[in-house]
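2 protein chains.
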Amino acid sequence: MNQTNAKKLIIKTFKNYGLNNQHATICANALINAELVGAHSHGLARLVSYCNRIKKKVINPKPQIKIKKISPSITHVDADNAVGFIGADLGIKHAIINAKKTGIGFVGVKNSGHFGLSGYYAEKAAHKGLIAFCFTNAPPAIAPHGAKKTLFGTNPICFAAPTGTKIPFVLDASISMINRGRIRRAAKLGEKIPVGVALDKNGNPTIDPKKALSGLQLPIATFKGSGFAWMVDILSGVITGANHSGKVRDPFDDFSGPQNIGHLFIVFKPGLFIKNYTKRIKENIKRVKKLPKIKGVEKILYPGENKAERYKKNLNKKINIPTKILNEIYSLNKS
Amino acid sequence: MNQTNAKKLIIKTFKNYGLNNQHATICANALINAELVGAHSHGLARLVSYCNRIKKKVINPKPQIKIKKISPSITHVDADNAVGFIGADLGIKHAIINAKKTGIGFVGVKNSGHFGLSGYYAEKAAHKGLIAFCFTNAPPAIAPHGAKKTLFGTNPICFAAPTGTKIPFVLDASISMINRGRIRRAAKLGEKIPVGVALDKNGNPTIDPKKALSGLQLPIATFKGSGFAWMVDILSGVITGANHSGKVRDPFDDFSGPQNIGHLFIVFKPGLFIKNYTKRIKENIKRVKKLPKIKGVEKILYPGENKAERYKKNLNKKINIPTKILNEIYSLNKS
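Just so you know, the protein sequences line up as chains A and B, in that order.
Position 134, counted from 1, in the first sequence is what the working numbering calls 134; the numbers after and before it change by one each time, with no gaps.
Adding 335 to a residue's 1-based position in the second sequence gives its number in the working numbering.
Hints listed in this document are in silico derivations from the structure and should not be mistaken for laboratory results.
Be careful, since some hints might not be right.
[What the hints assert, rightly or not] Calculated Cβ distances over 10 Å to all of chain B for the following chain A residues:
id : residue
1  : I32
2  : L36
3  : S71
4  : I321
5  : K324
6  : K334
[Claimed, not checked] From the derived model, a few chain A residues whose C-beta atoms are all more than 12 Å from chain B:
id : residue
7  : I54
8  : V58
9  : I97
10 : G237
11 : K289
[Said to hold, decoys possible] Straight line, CA to CA, 16 Å or less: simulated EDC-like cross-link-like pairs of lysine to aspartate or glutamate:
id : chain 1 : residue 1 : chain 2 : residue 2
12 : B       : K582      : A       : E283
13 : A       : K149      : B       : E633
14 : B       : K484      : A       : E298
Even glycine gets a Cβ: it sits at the ideal position worked out from N, Cα and C.
All chains should be built: construct the whole structure from the sequences, respecting the hints.
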């Protein structure tokens, strides 16, 4: 399907489920972006789940969002259980506004939902010449170090910085060995998952995505990864007023209430302490790129380059939507 | 040696090398703390290297430190090549002052040196009821993903938060499989290092600490760890005005100039968005601790608990200083 039609289809679907045009467009832009960067697990495959949650009244299609300015740098957003993209879009917007004005923007969002790719928001700040951290929590997927039950989400650490080129530095590293969306998509399409990324509910290694989803995902770097996931839960859940410590509901299986996910955006000017940031970051990247490479590596890339490459390549292509997912979306528009 | 005497010996040594009493005391407190938490690689074993650098005129024993207030939240410290502890101590102090006043403290430090344990500074903020990030760069130890030459330091991600108890949450995770200090100490004492943490200069796995020091350390989580190290280099080196991208000098081998390490402290109030932080964090920790445990695990601990336990146990004990290290320190006081 070409991109214009795909976007129209998403907007039409969300409006069919009660969203206004502006909110539906924000959501459509995020889903199309995920497809273009090749993160299909965060793209159109997700649309049905958002609509299901609206239907079950655990996502609010007509949110009354409250924005509370706490200081010139600090803002709190109560997203009133909107689709996650909408609260996150407001969160990063206000963090950018505050950072432009005072040097730092610090914005917490509560009563939000799954917002897609963290890098999508962080790079919005980088494109405006700002450095950004972006944190979100997520439903249980990873067991804390020492526990045999999942509690933390895949809670990414996401950081973006301008590079003086069109392609910002965007590190978007989930704390799990692979992201949960990839496992969900594999389950949906009947594919396998790699070895060493998940255990089944009995604690045995598995390559069956369904068993992985009911079992537990392995964190990166054992206890360090578990600590990072806990840190992200404190930052995005505990301090924002959102759910935390395993209380974020699974978007696919748990319709007993809204997810109440939390996000935290920390944005700042790169030139607070120096006058020549662009020169310095260019020099930094240049020195890394010039290092001798290991066999088989042609170029050393900074985080975000690969993704930008995929985006550019896909920008003038059709979006390949698996028939199963497309049929699901069509059926959302029939009722 | 009892702690009082160990502290006196450190202070005497630093004063012998030109530091004033206040600066010598700041350094002694940091080194004794490292011993008490069991991080011997960051304790008295380091004293000789600081003194050597002073002697070679690449650490300034009488720094003219400049503190520039950029906004009520933002401060820049030029540490004038003081011993790292001194610039870091000022950095976290000003971050705490700014956060108490405005909600957020954002402090960059340049022209600094190796400051010991990141957690030592982050927990100072947590003990004052604040949440803190603490970043520092370090001499080359890790190869960027795809490169076969080291460039990034072990660049820890460090985060602390109050818990409503005497023991804060303190995550201090270096991006290498093990910290470089442990490898240095093993080299000094003729011990081996674990399998899987380092390669020799030809890219072969090694358990010989000397070969590891001239080779490369492995990052956690392959490309994700490499990305984290790069992020920390941008945060603490590029934006603060310090050295970065492999230009931080090795404190033990390179006397061609000061290290010019950079640090970044981001400190904020945990109650910016909520009224009941203490209740929420207690609930968070309680839920994690209540999870079923894997076989052999008695208690689930949050980051920082183990360290606090070691500190408490060592608080009334003598400090065990290996004879080789003690003799080195004595010889520093003979000349």
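Evaluated hints:
1. I32: holds (25 Å)
2. L36: holds (21 Å)
3. S71: Per Cβ check, A:S71 is inside 10 Å of chain B; nearest 6 Å; violated.
4. I321: holds (29 Å)
5. K324: Since the minimum Cβ distance to chain B is about 31 Å, A:K324 lies beyond 10 Å and the statement holds.
6. K334: Holds: least Cβ distance 42 Å, greater than 10 Å.
7. I54: Given a closest Cβ separation of 26 Å, the condition holds.
8. V58: holds (22 Å)
9. I97: Consistent with the label, A:I97 stays out of reach of chain B, its closest Cβ about 16 Å off (over 12 Å).
10. G237: violated (8 Å)
11. K289: Non-interface label fails for A:K289: nearest chain B Cβ at 9 Å, not farther than 12 Å.
12. B:K582 - A:E283: holds (11 Å)
13. A:K149 - B:E633: holds (15 Å)
14. B:K484 - A:E298: holds (15 Å)
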